[in-house]
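Chains B and R supply the protein sequences, listed in that same order.
Sequential numbering of the first sequence, starting at 1417, is according to the numbering used here.
Sequential numbering of the second sequence, starting at 1417, is according to the numbering used here.
Everything labelled a hint here was simulated from the structure, so no lab data went into it.
Hints should not be assumed to be uniformly reliable.
Since copy identity is lost for identical chains, a pair holds within one copy or between any two.
[Claimed, not checked] Listed below are the simulated DSS-like cross-link pairs for lysine-lysine, each with C-alpha atoms no more than 25 angstroms apart in a straight line:
1. Lys-1710 - Lys-1471
2. Lys-1451 - Lys-1488
3. Lys-1471 - Lys-1770
4. Lys-1770 - Lys-1588
5. Lys-1755 - Lys-1471
6. Lys-1511 - Lys-1770
7. Lys-1484 - Lys-1451
8. Lys-1755 - Lys-1511
9. Lys-1715 - Lys-1445
10. Lys-1445 - Lys-1770
11. Lys-1715 - Lys-1471
12. Lys-1488 - Lys-1755
13. Lys-1471 - Lys-1484
14. Lys-1484 - Lys-1511
There are 2 protein chains.
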Amino acid sequence: MAGAIEFLEGGTVTSVQGFLAGATFAGLKTFAEDKLDLAIIFSETLCAVAGVFTKSTIVSPTVGFNRKLVAKGSAKGVVVNAGIANTCVGEQGFKDAEDMAAAAAQKLGVGADEVLVCSTGVIGVELPMSLIRSGMEQINLADQGGHDVARAMMTTDTRPKEVAVTFEVDGKQVRMGGVAKGSGMIHPNMATMLSFITTDAAVDQAFLQAKLREVSDESYNMLTVDGDTSTNDTVLVLANGLAGNSPINAGSAAAESFEEALSQVCVHLTRELARDGEGASRLITVEIGGAQDKEDARKAARSIASSNLVKSAVYGADPNWGRVLMALGRCGTIVDEAKIDLYVNGVCIMESGKPVPFHRDAVVALMQGSEVIFRLQLHMGQGEATAWGCDLTEEYVIINSAYTT
Amino acid sequence: MAGAIEFLEGGTVTSVQGFLAGATFAGLKTFAEDKLDLAIIFSETLCAVAGVFTKSTIVSPTVGFNRKLVAKGSAKGVVVNAGIANTCVGEQGFKDAEDMAAAAAQKLGVGADEVLVCSTGVIGVELPMSLIRSGMEQINLADQGGHDVARAMMTTDTRPKEVAVTFEVDGKQVRMGGVAKGSGMIHPNMATMLSFITTDAAVDQAFLQAKLREVSDESYNMLTVDGDTSTNDTVLVLANGLAGNSPINAGSAAAESFEEALSQVCVHLTRELARDGEGASRLITVEIGGAQDKEDARKAARSIASSNLVKSAVYGADPNWGRVLMALGRCGTIVDEAKIDLYVNGVCIMESGKPVPFHRDAVVALMQGSEVIFRLQLHMGQGEATAWGCDLTEEYVIINSAYTT
């Protein structure tokens, strides 16, 4: 049984012992007061590291760089910039990713293969390396620096996304913190985003990697903002072991607690990412029950959460449930129309495939809240899944019709 | 070698000899002067019939009804209504589809299994059968009636889509006409739409069905407006043989001419559908060359044409080509980034995977025209494909956030 997991108020990646962080304005984003665009997360103690990456066939050189470090299994930090994605710039991109990691390693006094590197922003523009190098020197690392990292990672995000939890392992209090960015170009797999998670738990690296993949599949990979998959998506976990527990592996009593904490951190950040989708005014949660299997449930949940027509209807608080059925039908999930029940924020509006007379004004009022929940019971089996997304607004179009111009 | 195919000015389904058509306002759409919502296309001579249908798992009862008639291979007409989709209404929908076809057959004095039936509009609302029955009586069939059918089929379409061509078979002049509707909920497969094609060519039914499927895969199934697949998509071809040619089959000298004519009619209507996508201001054409195979080319073309980020950038006439690469990368098509060339309306802006310095203002000016063409050469093989779509505008969101309310 998993122990209690508590959320820490104002928690972030540096709420975890042994992790320092800092950020600066290096000049990659358009200048504004207090704007940050280059950041470091650092642990003096060597960390077990795990990562999951975009499945796009066109990726930033940072993705290949990080895959190698994650395969090695350990690292001490991450350097990240926002504003420029370092993607589709030819050979120069590989050199710049290495140089950026090396510059951070030099500043931190660690080996060049101990720092992971991530970039996010416009595709097809080279990193201005002299700005990166001089920015690196300006970064001050502090044990309260996590909040600055969360802000420095933002592109079209309107607010930082961060969280921390605490839970018990072997009678010792363990902490886990996370930050994430991502607002547009968000769709499984990976959801288009960067997320960094820190923990002072001692964790077996193979176990950490396996659990990160599982949890990502149920959180970040069930997130969709606009159906577009980024070239740079990356989730990294750094576990420095300072809590002093015996290393957690698949056989540990604490395995379940650790997985549950990782899941709660990732789901929390996933929901924050969905809520802050470009132009979004509402969070959409789609819960599928009774699918033939888990994969069918996942397909259905993601299809509905990513439908432009469903998203537009949610924006208009319009209970046009035919679109939910359309999005279910298009995705290939096996259904029997005559068995489907559909609930909107708890109100049944379709039962056994037939419309239920419902009080329209009441459902419209429910849909005007900050979260719209579609729950479908397919009555075909035991498959369950949840996906998150957001509504589609004029603001999304305005943001994205003039991003580089 | 295919003979010359000429477009007929103002052509439509009744530009073909032996086809009559008519439409009326039965009361399914909100009333407006000159509004039409119920229509019939009719040939007194029995026609070879072919059809392709939505691949959604949730479909209108009309789809099952028509599949049976197409399997039988012959029919004399089609009845169609707009405003209500007759989908997701339980058992009643099957009864209403049959009754609507039967009412049309009775009016036309033909067998109940000789009239196909299509519906398009809001999902989850029952057809008001008494309005349908009394509307049916008001329809006057005429040899100029095709234009009214094209208008009666419209839902959120802003204009009718129709076309006719003429070409020679066995020294005889043959004609082919087509109408289509569809504006939202449009994505392969089938692109969300209804299309009816008439021809006076004599055509072997099996050949007609095979060619319709092939041509649809290169036209309607390469169309995307919003990534959503309708429950009612249907394309039907009726060939009444009045041109007096010897029936065309796979071995005929005229096989190629016929296929080319069918292709030109379908591609013309596909482009018209894309251009009139909900809220659209521009047509997007994506041409993929040099993919490893045809399927890879199709995937890439459709992924790019359906990307919300690409569509938003086209709306803003923003040459943010990184998004085109992102949409290519996300779709699973095999690429080598260092080989890719990208052209925007004929101007090369990326060569061998690296940005080419281009005159930004000139490309923006090109993108401000009525059609934006992205051409990608992947240099991996011989696979080619073209997809069509439209830009994403605030107007799309406005239309779809309040469709039923």
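Task: Hints the structure fails to honour - done: 2, 4, 7, 9 and 12
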